[in-house]
Amino acid sequence: MKKLLTAAMMLALGVTSASAQSLEDLNIQVHGYATQGFIYTTQNNIFTTSSSNGSPAWSEAVLNVSSQPIPKLRVAVQGRYFLLGNYGNAITLDWASADYKVNDRFGVRFGKVKTPNGLFNETQDIDPSYIWSLLPQSVYPLPSRNSLLTHTGGVAYGTFDLGHKFGKIEYRGWGGERLLGSTDAFFVNQVEAGLNLPNGLGGMIFGGAIHWKTPLPGLTVGISDIKNNLWSSTATAGNGALSGTETINHNNQPSYFAKYEKNKIMVAYEYYRLPVSGAIQIKGIPTIPIRNDDRDWYAMASYRVSEKFTAGIYDSQITNKAAALGPARFQKDWAISGRYDFNQFLYAKAEQHFVDGTAIGYDTGLNPNGLKPDTRMTIFKIGVNF
Amino acid sequence: MKKLLLSFLFVAFASLISQRSYAQVIVIANPSVKASTVSKAELSDVFTGNATALKDGSHAVPVLLKSGTTHEEFLKEYIGRSDSAYRAGWRSLVFSGQGAMPKSVESDAAAVDFVSHNAGAIGYISKATPHEGVKVLAVK
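Those protein sequence lines, which keep their order, are chains A and B.
To convert, note that position 117 of the first sequence is 116 in numbering that gives the first Met the number 0; the numbers rise steadily by one, no gaps.
To convert, note that position 33 of the second sequence is 32 in numbering that gives the first Met the number 0; the numbers rise steadily by one, no gaps.
Hints are computed from structural coordinates only; laboratory data are not their basis.
Where is the CB? At the ideal position from N, CA and C, for every residue including glycine.
All the pointers check out, no bait thrown in.
Coverage of chain A stretches by chain B, computed from C-beta distances (three or more under 8 Å per stretch; other residues unrestricted):
id : region
1  : 25 to 39
2  : 91 to 102
3  : 126 to 135
4  : 297 to 308
Please model the entire structure based on the sequences and the hints provided.
In structure tokens, the structure reads:
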């Protein structure tokens, strides 16, 4: 992985010294961004950070190199350094793909590609592109971003223009393999309890999405669905002394969404369901059933107050219908956000969250006295991009 | 009453000026582009990366001005976004592997030069800028 990133960065440096003519011919572009965040919470520590004391352990830097040697073919690679509490602190390959666009109605992309489900999955990692410091965690949990962002395989995509009366249909279909890393947030409490997945957990996924750009300018309505096949992986306990398997049964993860964007206003809504069942079976330990039925949604709105300042608000909720009653079954998160663009390269964000419930984002290791039912979270973030 | 009338006249005059400003931005294209007219929707699709061709099948390659009044007026009239929101949209495409940042040039003259020498190129300039070697697209 590091060799690949080193090569990508050398390519980026190399092209800067290449002749202007060769750069022009290959249409090589280098882009990047970096962000630094600061989180403060009342009551609970979140995202494996010591946020109740104020934590700056939230950094990322991205380098993107692309080339378009012929008009229909684009090749690109993106590497990332990411740190969030105990997550990340490593350079990883975000994605690397070759994209061939036959025409606006059909194109294909292969490699480690972004999975185009929901409204924001393809752009959830692109902090410079949106106002929020945190996307709604009910649907886009930050600590699982690396696992959910991509799959290895392909995407077919295109747009059909249905005319002035019916708008446009954008379609995406995908298939391949997805891997949840061994340190993914889905497993943090399991790992803290001594159950590890040395190889992570993953398997085949397939899916499709339809975005209807309606005749009403600015309004998009859509649906997507991911089908996960049976996933199974080695699980260990007792510091590796015991071993067995963790299995997740096949499931479907539908999303329904709508977005309206015009002039200074943006309004969006998304509903997502994550039903998961399975088991951890390790010899010598009673079988541990896995059962989740997350019903998640958010509604958001933003308004561009001025050329440089945008404000927004959202309500994000998750309810695990399979969990016992109590604060761990749900999470309700109201967020008020602002973004200031100093210029096209530098921006700052501030966000205040009012969180009730503890369904996501918390681990036992940094909350040894148990979780309080509600949290207030303040975020500041600064970012640069080129 | 006088103040109200003066305020009204000022606003009316300002609107008149701003309308005249929009008329000063023209859309230019390489002669390889078959169309003589283009809709606002088509133009928006090309300049936001949602389309790589016009409805008549002509391949379309957008070129932007880096900054300035003409650039801002073009965005306001035909894209409906501020410069920062517009560039954020392109960044989404670049950082998700779905597109490459379009060519940006420093001046109207550079835009005319690029459009005239590149098949499929579409740009925008001030109406007062000399534009030999390119065709003007009417926007309906």
